[in-house]
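Engineer: Be aware that the sequence shown starts at 130, since it is given in this note's numbering, and climbs by one per residue.
Errors might be hidden in some of the hints.
With a straight-line Cα cutoff of 20 Å, these simulated SDA-like cross-link-like pairs (lysine to any residue) come out [as the list claims (entries may be wrong)]:
#  : residue 1 : residue 2
1  : Lys173    : Ala162
2  : Lys173    : Ile146
3  : Lys173    : Tyr144
4  : Lys173    : Gly148
5  : Lys173    : Ala135
6  : Lys173    : Val134
7  : Lys173    : Gly140
8  : Lys164    : Tyr132
9  : Lys173    : Leu143
10 : Lys141    : Ala168
11 : Lys173    : Val149
12 : Lys164    : Pro139
13 : Lys173    : Ala161
14 : Lys173    : Glu151
15 : Lys164    : Glu145
16 : Lys164    : Ala154
17 : Lys173    : Tyr132
18 : Lys141    : Thr175
19 : Lys141    : Met130
20 : Lys164    : Gly148
21 : Lys141    : Leu165
22 : Lys173    : Glu131
23 : Lys141    : Leu167
24 : Lys141    : Ala154
25 : Lys173    : Gln136
Hints were generated in silico from the structure; no laboratory data involved.
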Amino acid sequence: MEYWVAQIQPGKVLYEIEGVSEELAREAFALAAAKLPLATAFVKRTVM
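Input sequences plus hints: build the corresponding full structure.
Structural biologist: Here is the structure:
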């Protein structure tokens with residue numbers, strides 16, 4: 130197999146992370162997003 134394909138619906142959460150600072154998480158996601166052929170956004174969960 131040379132490559133694989135996955136359909137991703139708009140609004141779907143691709144990655145969740147915990148246990149690291151928000152700054153480190155943003156840096157990690159920026160690196161990951163640069164390798165993806167689609168637009169991404171960092172979403173932060175807030176607890177009220």
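Engineer: Going through the numbered hints above, which ones does this structure break? Give me the numbers in ascending order.
Structural biologist: Structure breaks hints 5, 6, 17, 19, 20, 22, 25.
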